[in-house]
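Protein chains in written order, with the numbering used here: chain L, 365 to 692; chain B, 3 to 312.
Worth flagging that the hints you see were computed from the coordinates, not collected in a lab.
For glycine and all other residues, C-beta sits at the position ideal for the given N, C-alpha and C.
Treat the hints loosely; a few may be bogus.
Stated by the list, open to error - Only part of the chain L face toward chain B is listed, based on derived beta-carbon distances under 10 Å:
{"#": "1", "residue": "VAL383"}
{"#": "2", "residue": "PHE393"}
{"#": "3", "residue": "LEU513"}
{"#": "4", "residue": "VAL610"}
{"#": "5", "residue": "THR611"}
{"#": "6", "residue": "THR612"}
{"#": "7", "residue": "VAL613"}
{"#": "8", "residue": "SER620"}
{"#": "9", "residue": "ILE627"}
{"#": "10", "residue": "PHE641"}
{"#": "11", "residue": "VAL645"}
{"#": "12", "residue": "VAL648"}
{"#": "13", "residue": "MET653"}
{"#": "14", "residue": "VAL660"}
{"#": "15", "residue": "PHE664"}
To be verified - So these bits of chain L aren't anywhere near chain B, every CB distance computed over 10 Å:
{"#": "16", "residue": "TYR374"}
{"#": "17", "residue": "ALA384"}
{"#": "18", "residue": "VAL520"}
{"#": "19", "residue": "GLU594"}
{"#": "20", "residue": "ASN605"}
{"#": "21", "residue": "PHE624"}
To be verified - Distance ranges between label pairs, derived from CB positions:
{"#": "22", "chain 1": "B", "residue 1": "SER18", "chain 2": "L", "residue 2": "TYR374", "range": "33 to 39 Å"}
{"#": "23", "chain 1": "L", "residue 1": "GLU521", "chain 2": "B", "residue 2": "ASN54", "range": "31 to 37 Å"}
{"#": "24", "chain 1": "L", "residue 1": "ASP422", "chain 2": "B", "residue 2": "LEU174", "range": "32 to 38 Å"}
{"#": "25", "chain 1": "B", "residue 1": "PHE22", "chain 2": "L", "residue 2": "ARG600", "range": "31 to 37 Å"}
{"#": "26", "chain 1": "B", "residue 1": "ILE128", "chain 2": "L", "residue 2": "LYS550", "range": "37 to 43 Å"}
{"#": "27", "chain 1": "B", "residue 1": "TRP131", "chain 2": "L", "residue 2": "GLU521", "range": "58 to 64 Å"}
{"#": "28", "chain 1": "L", "residue 1": "GLU448", "chain 2": "B", "residue 2": "LEU287", "range": "52 to 58 Å"}
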Amino acid sequence: MLAILLRRLYQAGLVLLLVALVSFSIFRFVGDPVDNILGQEATVEDRRELIERMGLDDPVAVQYVRFIWNAVRGDFGISYRTAEPVSGLIAERLPATLELAFVSAMFALTFGILLGIYTAIRRDGFLANLVMTVSLIGVSLPTFLIGVLLIWLFAVELGWLPSFGRGKTVMIGSWETGLLTASGLKSILLPAVTLGLYQMTLIMRLVRSEMLEVLRQDFIKFARARGLTERMVLFRHALRNTLVPVTTVAGLQLGSIVAFAIITETVFQWPGVGLMFINAVYFVDIPVMSAYLLLVGTLFVIINFAVDLLYLAIDPRIKDDHLKGNGS
Amino acid sequence: MKSAAPKTRWQRFQESDFIFDYRHAPVTIVASVVVLVLALTAVLAPLVAPSNPFDPASLNLMNGFTPPMEPNAFTGETFILGTDDQGRDLLSAIIYGLRVSLFVGIMSVMLAMGMGVTLGLLAGYIGGWVDNLIMRCADIQMTFPSILIAMLIFGVLRGIIPPDLRDEMAILVLILAIGLSEWVPFARTVRATTLVEKEKEYVQAARLIGLSRIQIMRRHILPNVLGPVLVIATITLALSIIAEATLSFLGVGAPPTEPSLGTLIRIGQDYLFSGEWWILLFPALTLLALALSVNLLGDWLKDTLNPRLK
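The shape of chain B in the complex, shown without the other chains (with noise of 0.2 Å):
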């Protein structure tokens, strides 16, 4: 079974189990390809969106409620998903929130990944009470539901930061208080891998040569957990995002000057009755196919990744 030429890494990679795995599962593609083309559609918003809906200057009261394909009743301008009160073309407004959803949702798993993954090392490694005080701090966040604990830590959080700044600091506040709320499965994850991992012979080695225990926590026992830390923070994400539409539709989150998905459905709700449904419809589609693909990916790297299951 030798091959003739060395291959690159390129090659190993495309002839992986990894690679194998993901051509053979059709839904995974495409919930891939939907990540991906809302994240660049995301990254790239000044130049997709057919307008900016945060500058004034560009909204026209008289296009309000415009139905989606239809051209306006005043101006004759025509929106391929309508417009909100305000006039604003939905389009764009989707496009935008999408990214304070995104940005949000991403900024709040990296800091939940960091903590966890940090405190999950120390626990693990250093055992003891550090090991004891750590978990137990889980434990007692586990036994309340997340979205609990991000509403709590929003209100304290504005309630520490003054009145005038309270706006400006929103998405600040909200990654926090997201990120804060979902630390625990990556520290519990990670600290039973770190209790496997210690026991092997290569860490005795590294102890051996005198390195240190920053040093072999970080060189030499992280690589090794960082799979199923990759599988956590994919569904964390889904959750992340589906916090943060939670908290912003509850008026808790984002402010009206950067509506994410979850502000824009708060407004569409306002209009339900009126039978403005397109307000309502689009950003709600738009976050479940953002949520629901995220967490397709979440459950086929889980399920690819799991030795136990080959």
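Next up, chain L with everything else stripped away, as it sits in the complex (with noise of 0.2 Å):
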């Protein structure tokens, strides 16, 4: 157990340091450092300086590791854009990224295996059919465009909900929030589910066809047969039996969540950091794109090893097969 988890910890680390040295690269080597802070009319003297008090003419393995220090120390450099702390400006955007990506993980599990579920048990029901077509065209539909299609129908149309921003925040110590009024949690609606509609599609058709083997063995009909009902058999014994693989495909799609977000919040204007990311790279602000990619390559294998130890936690059968395995 033990030497499973260092295995992994140290697989997790070594990802991390090739990720910080790609983002390492970017930062360095991209278009002139100098160039970019000071501009083309600085003197030499002021290069001089600047080279210096940046460290530029030390050994590239010594400046990657005081990036890395620095990285540690949540200092990423300046922005070349807006002249500001980058790790300020991804402070001020992250509570917007997180918010929506918890809100859409929230929908996509929640709609994902209760319509999963549905669909299993009514499985010829006209209902669950139409369910599983709808979901298809969602699974074709790019991210963009379901944004795009949301926006015509709930905002222009029906005027139901808001088509860009964040509504009323508030902020609670230096987290600003929207999910504490009405018009902050209008506003994360739409983004929310165009965000999660992929992920649910995917979690529910995963639940269902899980569903739908483990209904089928001995051990469930033992259950009815022992007069057990039917609330219990559906969610005590058959669901929790579907769990491996949805957990790690939820874990995994996290990830992608994350990823995706760029996107919706494009569409919709979401002051989050893909946002700001995305404008990184339209002005070719190299500081925020490495430090994205510092923070996203970090969150993506935090959920790659968190999902390793769930698996431990839930399955204890695959513990046991790693004990085998290693001949102990």
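Build the complex from these two chains, which are given one at a time in their own frames, with help from the hints.
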């Protein structure tokens, strides 16, 4: 058990260092940092002074270590475009993205599991078939089109929901939240559904096929024979056995939610880190791009690591297999 | 079961399982017709399109925002799909946009395929540290969604090329970004097949008569891994088209001077609130028809070429 844990930790660390290396290379070698900060008209003394101060003539390995050390302390350099510290920009915008990701993940999980169970037990029902067909269309639509179509329907035609921004927000400490006001909650609905729709369909289809598989097995018949209520059978016995694959997919999809938030945030002008990243790509704001890569990379590594650990917690059989595999 | 006369290659092809399957899959026939029509329209754009949307002389601002199939209030001209804000004929803009979308899609798949197949063959045939290096890179890249990687490569390439060339080279940069983000599935499949093939007798025989490694990989193993590669290429084409549309929609793809379908949808979104729905709807429908048909073709190919499902 501990051996598995340590090995995974070691692998995760290695990937992190690699992500940091890519991020550092972008930061250091794409465009000339000195030109970008001082502009073309800088004097030779100014340039030399800046190179000295940033340590740009040190060996590359030293600069790499310094880059990681700075990143760990939350210093990602200065944005070329706004001349503000990148860490401040990120801190300001991260709550918006995290709230959006959280709400859409909740949406995807809740509706994915419920609809998955429903379509599995009413296998040939009209409504279940309808849900399955609609979900197929939902998967084939690109994210940005879903967003645009939702805006068209709910903001333009019906006028029920706002089409951009976060609505009214409240500060809790340094966390700017939109989840406590009515307009904030209304604003998050469309982006969250847009972002979570694909994941919801994925989870729904997975739960459905796993449920169909499990419901056929003997222990379900036995549970019914014991006279357990249908609810007990479905939720305590059947659903529980579908959780391993669902956790994997849901966990790994959490990363995609963060990545696809870039698209959703642009469609809905949601002021999160994704929108910041797209603007950075457009204006070639290298420090912001490099910081975003490092941030998202770290997040992905943590998610993968956590999913691995969750396996061990949910399914004791995996632990046994590993022990047998290691010959102990 | 002997046939009287030896059959030509074409006859044998017509009687193959492949064609039999195709004839019995109506959805696939429709999908392939849609793809064919769209591709032909894109290739023959200058002949098919009613006007050239890039020729400023043919534009009349008075024609702006003409609804589909209705004569314009000022000039009396009628446009099948209406016009956009600049008075550009939407049908022509879509046909030329389709051209950009398909070109970027196909070129980036070629790039991904070339890179993936080469690296997969090397990893599978040579093995050892080469294999390790290539496949670990693939693993790490697979952790991140390819659209994110494409955006990142796009940004980095934009940083490298001088600012005054950015619009001119945007299409090339787009192809590189999408192509480099999608090589992993090719490499993985080719590597797996190569590992199986290289143990077979014909490869041993080829080694025995002293062929070089490169010759064995290219002439003997490569033809045997092409089936699955074709399937992945088709599915990747659908992904590439959507990735291109997404990047262009976000404003980090095709430049305004060479709008792709994604760019047109981006323009259309601006006029959603003022009621000019056609500027958004028709490019979106074209993109959907294209991506969905290519996807259906890919799915069918996957099922047909997979011996395990027979």
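Hints not upheld, ascending by number: Violated hints (numbers, rising): 4, 5, 6, 7, 18, 21, 22, 25, 26 and 28; every other hint is consistent with the structure.
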